Amino acid sequence: KQEVTQIPAALSVPEGENLVLNCSFTDSAIYNLQWFRQDPGKGLTSLLLIQSSQREQTSGRLNASLDKSSGRSTLYIAASQPGDSATYLCAVRPLNSGGYQKVTFGTGTKLQVIP
Amino acid sequence: DVKVTQSSRYLVKRTGEKVFLECVQDMDHENMFWYRQDPGLGLRLIYFSYDVKMKEKGDIPEGYSVSREKKERFSLILESASTNQTSMYLCASKGGPGNTIYFGEGSWLTVV
Chain E
1 KQEVTQIPAA LSVPEGENLV LNCSFTDSAI YNLQWFRQDP GKGLTSLLLI QSSQREQTSG
61 RLNASLDKSS GRSTLYIAAS QPGDSATYLC AVRPLNSGGY QKVTFGTGTK LQVIP
Chain V
116 DVKVTQSSRY LVKRTGEKVF LECVQDMDHE NMFWYRQDPG LGLRLIYFSY DVKMKEKGDI
176 PEGYSVSREK KERFSLILES ASTNQTSMYL CASKGGPGNT IYFGEGSWLT VV
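Those protein sequences? They're chains E and V, same order as listed. Okay, so the first sequence: first residue is 1 according to our numbering, each after it adds one. Okay, so the second sequence: first residue is 116 according to our numbering, each after it adds one.
Everything labelled a hint here was simulated from the structure, so no lab data went into it. The model shown is predicted, which means the values in this text are computed figures rather than measured ones. Some hints could be false.
Listed below are the simulated DSSO-like cross-link pairs for lysine-lysine, each with C-alpha atoms no more than 27 Å apart in a straight line [unchecked claim]:
| no. | chain 1 | residue 1 | chain 2 | residue 2 |
| --- | --- | --- | --- | --- |
| 1 | E | 102 | E | 1 |
| 2 | V | 172 | E | 42 |
| 3 | V | 168 | V | 185 |
| 4 | E | 102 | V | 172 |
| 5 | E | 42 | V | 170 |
| 6 | E | 42 | V | 133 |
| 7 | V | 118 | E | 102 |
| 8 | E | 110 | E | 1 |
| 9 | V | 170 | V | 118 |
Just the calculated beta-carbon pair ranges, DEER-fashion [to be verified]:
| no. | chain 1 | residue 1 | chain 2 | residue 2 | range |
| --- | --- | --- | --- | --- | --- |
| 10 | E | 41 | V | 194 | 41 to 47 Å |
| 11 | E | 115 | V | 154 | 25 to 31 Å |
| 12 | E | 95 | V | 145 | 17 to 23 Å |
| 13 | E | 95 | V | 168 | 41 to 47 Å |
| 14 | V | 180 | E | 95 | 29 to 35 Å |
| 15 | E | 78 | V | 131 | 48 to 54 Å |
| 16 | E | 29 | V | 171 | 17 to 23 Å |
| 17 | E | 52 | V | 143 | 41 to 47 Å |
| 18 | V | 177 | E | 96 | 23 to 29 Å |
| 19 | V | 132 | E | 40 | 24 to 30 Å |
| 20 | E | 1 | V | 120 | 29 to 35 Å |
| 21 | V | 180 | E | 115 | 23 to 29 Å |
| 22 | V | 132 | E | 52 | 30 to 36 Å |
| 23 | V | 169 | E | 41 | 40 to 46 Å |
Glycine residues also receive a C-beta, built at the ideal position from the N, C-alpha and C atoms.
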């Protein structure tokens with residue numbers, strides 16, 4: 001059974017700092033990995049999706065990397081801003097040959113960027 | 116942009132009432148999902164659908180049912196609401212490049 005862990009559960013940084021959020025998974029047979037942000041009381045917003053054949057994806061100040069062999073993905077946020085404050089979740093889709101491939105979500109890292 | 120719309124953001128219902136949560140997506144995705152999210156428990160899959168009129172139970176289907184009569188619409192039904200169903204309900208659809216998952220804004224349901 002796939003387990004997805006995000007440590008730390010909470011993180012507080014001063015504005016302008018570069019930071020890395022971590023996502024670890026136990027089964028490396030994955031189809032893709034997706035990063036989301038969730039603002040309080042709202043739904044999840046997709047940030048980046050990395051296919052299993054890719055090593056990284058970039059969007060603006062965000063860069064997500066994937067290392068399947070070590071079961072890790074990182075989300076790098078450059079020059080953090082107060083507007084980046086949110087909970088960040090990763091989700092892992094397994095590599096199955098058929099049927100529904102259940103996505104496993106991490107429990108998230110709550111980020112606070114202090115002005 | 117993909118849009119997943121949950122029609123009700125906040126609902127307050129009484130115990131025993133029948134509750135309908137509606138979700139519509141505009142990207143012709145085949146796969147749609149209902150999750151609930153509770154503090155400390157993360158996202159838990161209630162039901163999913165991979166085609167019109169097709170549905171599969173997720174991890175916590177008890178007390179819920181779903182309906183998918185049209186491809187764009189996936190409804191979650193609480194046949195007889197109970198207080199332990201007070202939660203944030205999230206609808207999602209999956210498709211497009213890389214089979215990306217898109218979520219709606221969520222529906223906060225309080226059962227009193």
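Review point. Honestly, do residue 169 of chain V and residue 41 of chain E meet the 40 to 46 Å range at C-beta?
Key: Because 32 Å falls outside the window, the suggested range is violated.
Exercise for review: May I ask you to test the hint 41 to 47 Å on the CB atoms belonging to residue 95 of chain E and residue 168 of chain V?
Suggested key: violated (28 Å)
Review point. Is 48 to 54 Å right for how far apart the beta carbons of residue 78 of chain E and residue 131 of chain V are?
Key: holds (52 Å)
Practice item. Indicate whether the distance between the beta carbons of residue 1 of chain E and residue 120 of chain V respects the range 29 to 35 Å. Key: holds (33 Å)
Point to revise | C-beta pair residue 132 of chain V, residue 52 of chain E: status relative to the range 30 to 36 Å that was hinted | key: Because 44 Å falls outside the window, the suggested range is violated.
**Study point:** Given pair status - residue 102 of chain E, residue 118 of chain V, alpha carbons within 27 Å
**Key:** Cα-Cα ~22 Å, so holds.
Check your understanding: Between residue 132 of chain V and residue 40 of chain E, does the C-beta distance stay in 24 to 30 Å?
Key -> Check passed, 27 Å falls within 24 to 30 Å.
Exercise for review: Please test the hint of 17 to 23 Å on the beta carbon pair from residue 29 of chain E and residue 171 of chain V.
Suggested key: At roughly 21 Å between Cβ atoms, residue 171 of chain V and residue 29 of chain E fall inside 17 to 23 Å, so the hint holds.
Point to revise | 41 to 47 Å as the expected CB spacing between residue 143 of chain V and residue 52 of chain E, which holds or is violated | key: violated (25 Å)
Point to revise | Straight-line alpha-carbon gap residue 42 of chain E to residue 133 of chain V, limit 27 Å | key: The given pair, whose Cα atoms are some 24 Å apart, holds under the 27 Å limit.
Review point. Is 23 to 29 Å a correct range for the gap between the Cβ atoms of residue 180 of chain V and residue 115 of chain E?
Key: With Cβ atoms ~47 Å apart, the hint is violated.
Practice item. Could you grab the alpha-carbon distance between residue 102 of chain E and residue 172 of chain V and see if it respects the 27 Å cut-off? Key: OK: residue 102 of chain E and residue 172 of chain V at ~11 Å, within 27 Å.
The structure shown violates the earlier hints numbered 10, 13, 17, 21, 22, 23.
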